[in-house]
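Protein chains in written order, with the numbering used here: chain A, 1 to 331; chain B, 332 to 882.
None of these hints come from the bench; they were simulated from the model. From the three backbone atoms N, C-alpha and C, an ideal C-beta is built for every residue, glycine too. There's no promise every hint is true.
[Said to hold, decoys possible] When the alpha-carbon atoms are kept at most 20 Å apart in a straight line, the in silico EDC-like pairs for lysine to aspartate or glutamate are as follows:
| no. | chain 1 | residue 1 | chain 2 | residue 2 |
| --- | --- | --- | --- | --- |
| 1 | B | Lys691 | B | Glu726 |
| 2 | A | Lys137 | B | Glu555 |
| 3 | B | Lys481 | B | Glu365 |
| 4 | A | Lys137 | B | Glu397 |
| 5 | B | Lys715 | B | Glu653 |
| 6 | B | Lys417 | B | Asp524 |
| 7 | A | Lys137 | A | Glu33 |
| 8 | B | Lys812 | B | Glu397 |
| 9 | A | Lys137 | B | Glu549 |
| 10 | A | Lys137 | B | Asp553 |
| 11 | B | Lys691 | B | Glu653 |
| 12 | A | Lys137 | B | Glu768 |
| 13 | B | Lys714 | A | Glu175 |
| 14 | B | Lys372 | B | Glu350 |
| 15 | B | Lys715 | A | Glu175 |
[As the list claims (entries may be wrong)] If you anchor each label on the Cβ, the simulated ranges turn out as follows:
| no. | chain 1 | residue 1 | chain 2 | residue 2 | range |
| --- | --- | --- | --- | --- | --- |
| 16 | A | Arg43 | B | Lys709 | 21 to 27 Å |
| 17 | A | Glu215 | B | Asp547 | 50 to 56 Å |
| 18 | A | Asn135 | B | Gly813 | 58 to 64 Å |
| 19 | A | Asn135 | B | Lys709 | 40 to 46 Å |
| 20 | B | Asn464 | A | Phe28 | 53 to 59 Å |
| 21 | B | Asn719 | A | Cys326 | 15 to 21 Å |
| 22 | B | Glu350 | A | Glu215 | 24 to 30 Å |
| 23 | A | Trp51 | B | Ile711 | 50 to 56 Å |
| 24 | A | Leu191 | B | Ser767 | 50 to 56 Å |
| 25 | A | Arg43 | B | Asp760 | 35 to 41 Å |
| 26 | A | Val70 | B | Asn719 | 21 to 27 Å |
| 27 | B | Leu357 | A | Glu215 | 29 to 35 Å |
| 28 | B | Gly548 | A | Leu17 | 27 to 33 Å |
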Amino acid sequence: MSFILQEIIKIILYGTLVTLFVSVNALFLIWLERRVSARIQLRRGPIHVGWQGSLQTVADAIKLLTKELVLPKESDKFLYMMAPLIVFAPIVAAFLILPLGPHFVMRDLNIGFLFVFSLTNISFIGIFIAGWASNNKYALLGSMRAVAQNISYEIPLLLSTMGVVMAAQTMKMSELVAAQEKTWFIATQPLAFLIFFCASLAEANRAPFDIPEAESELVAGFHTEYSGMRFALFFLGEYTAIFISSAIAATLFLGGWRSPVPGLPAGSLAGPFWLLLKTYGIVFVVMWVRWTFPRLRSDQLMNFAWKVLIPFAILNVFVTALVIQCQKFFA
Amino acid sequence: MPVLEKDITSWLREVVKPEEFNEKNLKTSGVLFEAVVAQNKIREVAREFLAQDYFLESLTAVDFAECLEVVYHFNRWSEPSRSCVKILVPKNDGKPEDGRWTAPSISSIYKSAAWFEREIFEFFGIIFTDHPNLKRLLLPESSVIFPLLKSFKGEPAGSDVTQSLKLMKEDTEGFQILYPQQVTEQATKHKRDYYLNLGPQHPSTHGVLRVLLHLDGERVIDAEPIIGYSHRHHEKMMEIQTYVACWPNMGRLDYVGAMSYNFGYAVLVEKAMGVTPPPRVEYIRVLTTELNRLASHLLWAGTFLMDLGAFTPFFYCFDDRENILDILEMTTGERLTYDYFRFGGLDKDIHPDMIPAIKKFIPEFKKHLKDYDGLVTKNIIFKKRTRNLGILSKEAAISYGVTGPSLRASGVPFDLRRAEPYSIYPELDFNIPTRSEGDVYSRYWVRMKEMEESLKIIAQVIEKMPAGEVTLGKLPKNVPKGEYYSAVESTRGLFGMYLISDGSLNPYRLKLRTPSFSNLNSIIHMLPGCLISDVVAVLGSIDIVLPEIDR
Numbered sequence: 001m002s003f004i005l006q007e008i009i010k011i012i013l014y015g016t017l018v019t020l021f022v023s024v025n026a027l028f029l030i031w032l033e034r035r036v037s038a039r040i041q042l043r044r045g046p047i048h049v050g051w052q053g054s055l056q057t058v059a060d061a062i063k064l065l066t067k068e069l070v071l072p073k074e075s076d077k078f079l080y081m082m083a084p085l086i087v088f089a090p091i092v093a094a095f096l097i098l099p100l101g102p103h104f105v106m107r108d109l110n111i112g113f114l115f116v117f118s119l120t121n122i123s124f125i126g127i128f129i130a131g132w133a134s135n136n137k138y139a140l141l142g143s144m145r146a147v148a149q150n151i152s153y154e155i156p157l158l159l160s161t162m163g164v165v166m167a168a169q170t171m172k173m174s175e176l177v178a179a180q181e182k183t184w185f186i187a188t189q190p191l192a193f194l195i196f197f198c199a200s201l202a203e204a205n206r207a208p209f210d211i212p213e214a215e216s217e218l219v220a221g222f223h224t225e226y227s228g229m230r231f232a233l234f235f236l237g238e239y240t241a242i243f244i245s246s247a248i249a250a251t252l253f254l255g256g257w258r259s260p261v262p263g264l265p266a267g268s269l270a271g272p273f274w275l276l277l278k279t280y281g282i283v284f285v286v287m288w289v290r291w292t293f294p295r296l297r298s299d300q301l302m303n304f305a306w307k308v309l310i311p312f313a314i315l316n317v318f319v320t321a322l323v324i325q326c327q328k329f330f331a
Numbered sequence: 332m333p334v335l336e337k338d339i340t341s342w343l344r345e346v347v348k349p350e351e352f353n354e355k356n357l358k359t360s361g362v363l364f365e366a367v368v369a370q371n372k373i374r375e376v377a378r379e380f381l382a383q384d385y386f387l388e389s390l391t392a393v394d395f396a397e398c399l400e401v402v403y404h405f406n407r408w409s410e411p412s413r414s415c416v417k418i419l420v421p422k423n424d425g426k427p428e429d430g431r432w433t434a435p436s437i438s439s440i441y442k443s444a445a446w447f448e449r450e451i452f453e454f455f456g457i458i459f460t461d462h463p464n465l466k467r468l469l470l471p472e473s474s475v476i477f478p479l480l481k482s483f484k485g486e487p488a489g490s491d492v493t494q495s496l497k498l499m500k501e502d503t504e505g506f507q508i509l510y511p512q513q514v515t516e517q518a519t520k521h522k523r524d525y526y527l528n529l530g531p532q533h534p535s536t537h538g539v540l541r542v543l544l545h546l547d548g549e550r551v552i553d554a555e556p557i558i559g560y561s562h563r564h565h566e567k568m569m570e571i572q573t574y575v576a577c578w579p580n581m582g583r584l585d586y587v588g589a590m591s592y593n594f595g596y597a598v599l600v601e602k603a604m605g606v607t608p609p610p611r612v613e614y615i616r617v618l619t620t621e622l623n624r625l626a627s628h629l630l631w632a633g634t635f636l637m638d639l640g641a642f643t644p645f646f647y648c649f650d651d652r653e654n655i656l657d658i659l660e661m662t663t664g665e666r667l668t669y670d671y672f673r674f675g676g677l678d679k680d681i682h683p684d685m686i687p688a689i690k691k692f693i694p695e696f697k698k699h700l701k702d703y704d705g706l707v708t709k710n711i712i713f714k715k716r717t718r719n720l721g722i723l724s725k726e727a728a729i730s731y732g733v734t735g736p737s738l739r740a741s742g743v744p745f746d747l748r749r750a751e752p753y754s755i756y757p758e759l760d761f762n763i764p765t766r767s768e769g770d771v772y773s774r775y776w777v778r779m780k781e782m783e784e785s786l787k788i789i790a791q792v793i794e795k796m797p798a799g800e801v802t803l804g805k806l807p808k809n810v811p812k813g814e815y816y817s818a819v820e821s822t823r824g825l826f827g828m829y830l831i832s833d834g835s836l837n838p839y840r841l842k843l844r845t846p847s848f849s850n851l852n853s854i855i856h857m858l859p860g861c862l863i864s865d866v867v868a869v870l871g872s873i874d875i876v877l878p879e880i881d882r
């Protein structure tokens, strides 16, 4: 009985922490995005609300909370209201398996990151529902693109992680970090990292792969009709998804919570610090890419996945397998 | 059809036998000759002009007391050879509502005529027989007025509020009214194809333009641009104003490249009055116009790249554009809708700080142009998105009456600054960038190169600029009786003005031939087969400004 009680308390505590973190993290990322884009674009970005404009996103969040929730006249009302939740909830659940330190992980599942990817796929169903239920042509086109894109990029994303899994002989997140004690996987699997990075950009609908919400073509894509907090949930989901995929990339390829310089502490509090640092580093690159490149066209996007990323990902799996077998043979 | 290697003038005289034929001086009236032909011969004439590589520059009508004149202006890129052909539509004491004023349509020969004829239909009530789609173009479909007729005395049907609300309602339901077949098709048959209204509220239509797309999935089957949302009827406005009062209208046609429109009006009226401005004036005019051309191309580059999903170049372009606007503001006091030129002169001399500011600006901007090259032109995604897309062949471009950079990207080196030189352009050294592919990339390339050429012109003008007066003093308030045509190379193409003066204080008829009007129509040719992402790229590449199209 006490075990169940303990678990319930743990779940409530962890859930509260994650929800808090997700909101604060999204606010921070949006602020960061604005400042980074401003820096790249010869602007100054938000500077007036709070120190260096740090409270600007809080003000925006308050604005979004107080805005009217518009319900389009001919939409499918139930699905329309459900869609933001379906998009947002699975992404948050992915925090369950993220190892923040040596013994700091909620559930160290043996299927590890596969669990995250299966969850984030649910959110694409949410995107499709959003586009369908809005009864808007732009939204429908956007969600059609989103589904096509997701199906295509899921394959290179998972194939690229196969190399890492084969090298570490595990899918458990904690053991994957442990396997990188000497060298990070980015050194032994650079191609896999590149493919993973491209595919996760596409999975998170980020430029240059942001075709489901291409502003200049589809107005706002699948969330054209959404307003207020429902829109904010999509926004929150997008930024959390970027954070999650960057955090997984940091765990799989950049040594997770380990310190980048040997000798520095990687203990209970330093672990989360290093992981966050690496994650935000990757997030910064994601933003940098967004503000530099034009957008691809949907057919070019598919070509890139099927004709470039997938063949190279398969090649990577083969080469890794060959190297492992050779090592075993000569050892 | 074999191309007749015969002079079009002698062909007209011998074969068509016009009712009236006047040789004219290109320098003073803007046309080589003027011929009045019989109505039933106009198609034959148009076919012959097309066979000889002429494009339809302008098509309009004039309301005279006893009859209506439909005026065709044809022009050719190889040499200055603007020709004016007219047909007469007798009034027979009728009214436009009777539907008895008819003329043959040439829209099957010249694609650009389709919109011109629709415009004449709605302003004058002339019905063009065999026009495939003769409905109102700029006014609401439900309006019942023919505003350019001299018998029209204001009081449009939309002047009181309830009536205009009714009109607006009808216009929003316009899709059902205008396209009943498509509506029933969409409602009854569950097919893969459907209709999408791109605009009038859409981030990439650059103003209030609606493009009705017929889609199969994401692929465009056909497209129809629908315009008129910002129509203010400048032509009617100018008929009831004095010549001087027309100046502000010029800044409000194409607000992005307003200086060229000032130039066009100045050249027209000076041609009609037979005066030549002092040399310093010409230099300052070219200087400000080329600076404005740079600003306009920069705005285009920024918004076009934003359509392609690249946000950052937009801010770089706008940063440079701000510098240019600051420089122009010193002298003109305006940043957008310039009203700086005067007949035979300028509003005032340039500000003493202007030349040093330009000298500082030129090297900076040259460096920035290189940055754009590195950031955009050499970017592989950009190349993949724009190459072999929205191809406009030379023949199609001529048939659609496309002018300006979009025409030069299709392999026709037609630039009025060289083809029919005005002002001091013959004395300046600059090239005309031309490409032969006719795709979106080449239209981008031509405009980027044109910026370099404009910089060259600006540098030369600063060096050579003489001192002197900037005005001719008092000029008469009216223009001598007669017909005049003049055209200048605006940022977007050929800006022509056709003036009929009866010697009074205001123009009898002033037709504005704006370049984007014809350029926009050519998307009907370019869009089929594209994806939705390409639609915005093609639309962006032809560089339209809606107030100039709607006038």
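- Against which earlier hints does the structure fall short, listed by number upward? Structure breaks hints 1, 3, 4, 5, 6, 7, 12, 13, 15, 17, 21, 22, 23, 24, 26, 27 and 28.
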